[in-house]
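Undergrad: Please model the complete structure; the sequences and the hints are all you need to start from.
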Amino acid sequence: MILRNLSRAILAVLAVTAACAAALAPMSAAADIVVNVDQGASQPLPIAIPVFAGPAVAGDIQKVIANDLQSSGLFKPLDPATFPQVDPDANVKPTFDGWKAISAQGLLTGAVTNDADGHLRVDFRLWDVYAGEQLLGLQFTSTPENWRRIAHKVADAVYEKLTGQQGYFDTRVVFVSVSGSPAHRVRRLEIMDQDGFNPSHLTDGGAEVFTPRYSSKGQELTYMVLRPSGSTVYVLNIETGRQEALGHFPGMVFAPRFSPDGSHVVLSVARDGNTDIYNITLASGATRRLTTDPGIDTSPCYSPDGTQIAFNSDRAGNPELYLMDADGGNVRRISFGEGRYTTPVWSPDGKWIAFTKQTGNVFHIGVMRPDGSGERILTSSYLDEGPSWAPNSHMIMFSRDTGYGPHLWMADISGRVLMAAPYNLGATDPTWSPLLP
Amino acid sequence: MRTAGHRPGDRLTPALAGALALHLGLLAILLLHPSPPLAIGSAVPITIVSHAPTTDSRRAIQAPEEHAAQTETPVPQAKAPEPPPPPPPPQPRNPQPKAVAAPEPTPAPSKTPLKATPTPKEEAKPTPAQPTPKSKTAQKSDNFSLDSLQADVSRSLKRSPPRPSFAERGPTRAETATVARVDAGSGVSQSDVAGLSQLLQRLWNVNCGDETVVVTVSFKVGDDGLLVGGVSAHGLETSSNPAISVAARRAIDAVHKVAPYDPKFRNNSFTVKFDAQKACATS
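Heads up: the sequence lines are chains A and B, in that order. Using the numbering used here, you'd call the opening residue of the first sequence number 1 and step up by one each time. Using the numbering used here, you'd call the opening residue of the second sequence number 1 and step up by one each time.
Hint data in this document are derived by calculation from the structure and do not stem from the laboratory. Glycine included, every Cβ here is placed at the ideal spot set by N, Cα and C. Careful: at least some of the hints might be erroneous.
Said to hold, decoys possible - Straight-line distance between alpha carbons at most 27 Å, and here's what the computed DSS-like set of lysine-lysine pairs gives:
no.	chain 1	residue 1	chain 2	residue 2
1	B	Lys257	A	Lys100
2	A	Lys351	B	Lys278
3	B	Lys278	A	Lys161
4	B	Lys278	B	Lys257
5	A	Lys100	A	Lys161
What the hints assert, rightly or not - Examples of chain A residues lying across from chain B (beta carbon under 7 Å, computed):
no.	residue
6	Asp32
7	Val35
8	Asn36
9	Asp38
10	Ser42
11	Gln43
12	Ser414
TA: What follows is the structure, encoded as structure tokens:
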């Protein structure tokens, strides 16, 4: 009897204990105050970039970095006059309170050194001011005359760390510069750094050039030359200057573009009133016809993996975007919106296809998913055309003509950044290089 | 030239003497019973008619638990002596014959007395074992007594199972809620939380890239309004995916920017959900 009572008492105590634990557990787990934040301020990120310690070129490097970041539209370099410290030591953890006071979210400190072997060395650290921790610490070395590229590399590293996207500052842009009166247009191939520096001519203007396209390898360029006798597609090695015509076609050839591995070029050939897409193997010169439809098929562009080709065609009565397999099979339409879709360009990451769209008298640059979903119009003007992706698949350069001749513009795929590219003269047909080695 | 004679004021008339005596008496009274000095600043008492309802700031004390029904079990006999009066004035002590033998009333009210009879009460019984006592009750209703009524009440209370209560209980009841109310134990009201949310929205520099993510950040605010320990994004800040790690860091930075936190937020733990997908879609 006593044992039975005792066991009952123990069971009762255990039950009460379990009940108390069950009661308290959810309390402790739910003690946090829950706050939902579903709106934010998508603004340029304030960043402080004091001049790096070192020789005079350190100031130039700081300016290039600040300009790169600011030109992206995603950063706001702060006024150096407000800095709490003029030349912070890159090897000492900063006192963050002063940088917080000027609302700097990032802080870039660094030092420039002329090494004994004649190289220029740049050490830098990126700090998260509010978290009070280092995000990045790197060192770049190159020849002194390459200081601009070092600065671009630093900006790329900062951009990637603070946005999560690959940088694109250490790149170049090739485009067609347009000068002269409308009756006497001079169209030349021109190349410049993406920030507008170091421009130089690639052709002399003796013949009209169109649609330059970079190879994903970054060393070669293909473009079309129009002469009274007809059109020719060339492949130009930018580093060596060597140039070569691609085959010979009885009709007019245009809109060439490299395959991702650089071994092929796809282009359009207009012959006997029909325009179709052809593939040329660069090593052998062999050609293969990919489309046979009676409509106009043009602007072919490989997917980054080389398995598909996007193009536009009016086979349905209106210019629309289509995909086909790399061998010309499995053609399917992907654009179904209002207007005329042309010049599809696959993004380097394969997630988007940029295009030119015309609705009424307005032209747009837009993007959509390769399956045709998620169409997003990024720009609108009297004439926007010819999009080209930056290697980070985030920025797009295109040509805009508001009635005063074509100029280069840039937009990002979010639609939040839209600005003129750093080239003030007439220009069209931009093509963005991959990241430089 | 002035003429000699008596002026009226030269003589003490009886009226004048009386007035003088009255004034002197009044003066003496005032001197002997001076009024108490008026206290400067004394307040007039105010009768408090009612108090404003105080905020229920009790903490949630325990998990939900079952409560017995708060309402009394209906007593079957209670309706028998006083059935609801039908529209035609019935005889209260003998409703059944009235209802049965009531052909004249209009059809609508005639149903009411029928429901008041013991017969419908039997239909309300949930268990089949109860018709027997019910029938006894019906029989006893003719011979009403307080003793039998009490016995029946006790019996019915023992036999009938507790009925479900419609009173608030469990999580919906303040004292037994499983989640602490934000305006209760923490001392932080919903409007405070909304204010903090708006502040974080202003300070959160959302990264609207190609890939947007939802980041949940946890942190604790100490006595001084500063963050206690680290601010955790539950590992997202160290993700190998740059887009995710950047999103987490920006959310963490927003939490840091608020510090020092307002006193009302101190000594509390927070979980903040930063939804970049929604933020980028609307901004």
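Undergrad: Taking the earlier hints as the rules, which of them does this structure contradict?
TA: Hints that this structure does not satisfy do not exist here, as all of them hold.
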